[in-house]
Amino acid sequence: MRILVVEDELTLAAQLVEGIQSVGYVVDVAHNGVDGHFMGKTEPYDAIVLDLGLPQMDGITVLKKWRAAGRTLPVLILTARDTWREKVAGIDAGADDYLTKPFHMEELLARLRALIRRAGGHASTELVCGPLTLDTRSSRASVDGTALTLTSHEYRVLAYLMHHPGEIVSRAELTEHIYAQDFDRDSNTVEVFIARLRKKLPPGLIETVRGLGYRLNKAQ
Amino acid sequence: MNIAFLRNSLRMRLLAGTLVWIVISILVAGWGLGQLFHQHVEAQFDVELKNHLDQLTAQLILDEQNQAQVRLLPSDPRLNKPLSGLYWQIDHIAAAGEHPIKAVLRSRSLWDETLAVPADAPADGEIHQHRIEGPQGVTLRVVERTVTIDTHSLRLMVAANESLMTGPIADFKGHLWLALGILGMGLTFAASMQVFVGLAPLRSMQDALGRVRHGDARNMEGTFPNEIMPLVNEFNTMLAQNAEVVERARTQAGNLAHALKTPLSVLANAAHVHEKRDDDLARLVASQVDTVRKQVDYHLSRAQAAASVQVPGMRTAVEPVIRGLVRVMQRVHAERQIEFVLLPDQANLAFRGEEQDLQEMLGNLIDNASKWARSRIEIQVSDESGKLRVRIDDDGKGIAETERDHVLKRGVRADGQVPGTGLGLAITADLARMYGGDLVLAKSSLGGLQASLILPAV
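The listed protein sequences derive, respectively, from chains A and B.
Mapping to my numbering: the first sequence position 194 is 194, numbers consecutive.
Mapping to my numbering: the second sequence position 285 is 285, numbers consecutive.
Read the hints as simulated data drawn from the structure, not as lab findings.
Quick reminder that beta carbons are idealized off the backbone N, C-alpha and C, glycines included.
Do not take every clue at face value.
A few chain B residues that don't get close to chain A, going by computed Cβ distances all over 10 angstroms [stated by the list, open to error]:
1. Ala217
2. Gly386
3. Thr402
Listed next, with one range per pair, are the computed distances between beta-carbon atoms [as the list claims (entries may be wrong)]:
4. A:Glu43 with B:His406: 43 to 51 angstroms
5. A:Glu43 with B:Arg213: 51 to 59 angstroms
6. B:Asn236 with A:Glu43: 48 to 56 angstroms
7. B:Phe235 with A:Glu43: 53 to 61 angstroms
8. B:Val245 with A:Glu107: 32 to 40 angstroms
9. B:Val245 with A:Asn32: 27 to 35 angstroms
10. B:His406 with A:Gln21: 39 to 47 angstroms
11. A:Asp58 with B:Phe235: 29 to 37 angstroms
12. A:Asn32 with B:Glu247: 21 to 29 angstroms
13. B:Asp216 with A:Asp58: 27 to 35 angstroms
14. B:Arg213 with A:Asp58: 33 to 41 angstroms
Can you build the whole structure from these sequences, using the hints too?
Here it is, written out as C-alpha cells:
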C-alpha cells in the first residue's frame, strides 16, 4: 500500500511519514499543493493524507482537481481550522474523511486503514483469503492461525494482493504500490519477494498468470 | 391625542402646524370678506335710498293752495304695493304759529301707517339717517332731508325695511362660510396628502431597515430622496464595516487556530512516541496539549460567535446547512449505513444569524448523533411560535437524565469511547444561548438522545 502525505509543516510531515511507515505502508511526501497535486495525479497511490492549509495551492483546490481528473482514490483531509464549513467544503470537494489537528497518530492510522479497506470493498479490518488472514490493524499475516514472519517488503506485496484477491496484479502495479516514488525500482525484485512469499505460504495460493502478473487464489 | 404623541410624531407636528394656519386664515378671510360685503351692500342700500329721496325732491311742488304735491310719483313698484318695505312720506314742518302736519303725503305702500321719525331738523342740503321701528315692528332705515319752498318747510323721508339689506348679507355670509369650509377641508386634505407623500420615503426607509433587521437584505436597498439618501448611505457603510469587522475577526481567529494547531499536532505526536516509553514528561506534555486544544476550540468558537451575534441583517437558510452536514456524515460513516431522515416540515425556514455559527451548532449535534446512532437519525426543522427549532433524534444508547446537564458543561464527555473533543454539546449550548436560544436534551422516541436546538428565526 502506497500512501501520499501532503503537509507543509516539515516536522509534522516527518511524523506522519514515520507513523504511516510503522504500519507497513510506503509513504511519499509533498510539502506544497502544486507538488502534491502533481504526485497525486500521476502516481498510483492507495490513499492520500491531505492537509487543507497548503502553500501555492490550497488543499480543497488540489482535491477538486484530482476528482475532476477522475482520481477516485480515498483522501483523508487534515484541517487545522476545525470549522464545519471547512469540513463540508472538504467532503463536497471529494474527501472521504477528515481529521482535525491536533490528532493522535493512532486515530489517523485507524482512519487511513478504514479508508483503504472501504476502497477495496472490505468490511472488516481482517482480510481473509482461504487459510490466509491479514490483520491490517496490527500489520500481521497468519496461516491457519499461525503467524507469519515477513519482511516489510514481503508484507507490502502480500497486503496488496490481499486487498485485490482474485484479480490479476501486474508486476509493474506491485512495484508502484510497494516502493516510494524516489526509490530505485527494479521489477525483478518483485519476483524475489513473490518467491520468498510462496515459500512461507501454502502452495498454489499465489498463482503466476503468464505474461500478465500474479493472482491470489480465492477458492481454496 | 395627547401632547407627547403630538410631539413625537413628525406627521402630527406637520399636520397640526398646517391646520392652525388653515383655520386662522379661513377665519380672517371669512370675517374680512363678510365685513367688506356688508359695507358694500350698506352703501348701495343708502345710495338707493338717497336716489329715491332725490327723485321725490325733484318732483315736489306747491299747488295754488300752497299744498305740497308730487308731480310724478316715483316709479318703483314697491312704493305702490302695501307694506312692501319701501316707503316715502312728506311731513309739513310747522312755521311759527302753525300746526305741524304729519304725513301730508305718503307712498301707497304705507297704507294708513305713518313713519314715526324722531324730531330732527337737518339743515338745508343735509341728509340725515335714522333707524326706526316701522309697520309690523320691522326695523326701517330712513333718510330724510328738509326742503323749504317759499316759506313752507317740508320734511321728506324715504325708508326701507332693513331686512332688504341684511337678508342678502346673511345669504352671502352663509355661502361664504360654506365655501370657506369646503376650502378648509380641501386644504386640510391636501396638507395631509402632502405630509403623507412627503414622509413616505421615511416609511420605505423603515421597511428597508426592517428587511435588514429580519435578515432579508444585507443592506438598505432602494432609492431615496436626496435629503435621506446620505443617511441611508451612511447606514449601509456602517453595515458593511460591521460585516467586515466580523469577517476579519473570524479570519484572524481561524488563522490563530491554524497557527496554533499544527505545532500542537507536532507536539502531541512527539509526546505520544515518548509516552509509550513510560515518560512522565511526555504524559504531562500530552495532557497539557489536550487542555490547550480544548481551550483554543472553546474560546475560538465563542469569539467568532460573539462577533457575529451583534451584526444585523444575517439570514441563513437551515435546510442547505443540514444537507451539507448530512453529506459529510454519510461519507464519513459510510460503512455504518446510518439512515438520515429529514422529516418534512415547513420549508425555507431560516436562522437569524451567521451561517458558520449554525453550521457549528448543527454540525456538533449531527456529528454527535452520528457517532452514537445505531441505524437511524431523524432531523426535523420546525417553526415554534416564531422561533426556529431543529430536533435531532438518534437511536443510539442516549444519555441518562442525570448526565444530561453534566454534558452541557464545558469539556465534559459522557463517554470516552467515541473520539471527539467532548466540547461539542457544550459549545453548541453556549452558541445557542448567545443567540438567545437554547439547547435541550431529552430522551428520543427512537430510543437514543433527542437534541432540540432553539434559535431565533427570520
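Tested hints:
| no. | hint | verdict |
| --- | --- | --- |
| 1 | Ala217 | holds (23 angstroms) |
| 2 | Gly386 | holds (26 angstroms) |
| 3 | Thr402 | holds (30 angstroms) |
| 4 | A:Glu43 with B:His406: 43 to 51 angstroms | holds (49 angstroms) |
| 5 | A:Glu43 with B:Arg213: 51 to 59 angstroms | holds (55 angstroms) |
| 6 | B:Asn236 with A:Glu43: 48 to 56 angstroms | holds (52 angstroms) |
| 7 | B:Phe235 with A:Glu43: 53 to 61 angstroms | holds (56 angstroms) |
| 8 | B:Val245 with A:Glu107: 32 to 40 angstroms | holds (37 angstroms) |
| 9 | B:Val245 with A:Asn32: 27 to 35 angstroms | holds (32 angstroms) |
| 10 | B:His406 with A:Gln21: 39 to 47 angstroms | holds (42 angstroms) |
| 11 | A:Asp58 with B:Phe235: 29 to 37 angstroms | holds (36 angstroms) |
| 12 | A:Asn32 with B:Glu247: 21 to 29 angstroms | holds (27 angstroms) |
| 13 | B:Asp216 with A:Asp58: 27 to 35 angstroms | holds (33 angstroms) |
| 14 | B:Arg213 with A:Asp58: 33 to 41 angstroms | holds (36 angstroms) |
Of the numbered hints stated above, none is contradicted by the structure.
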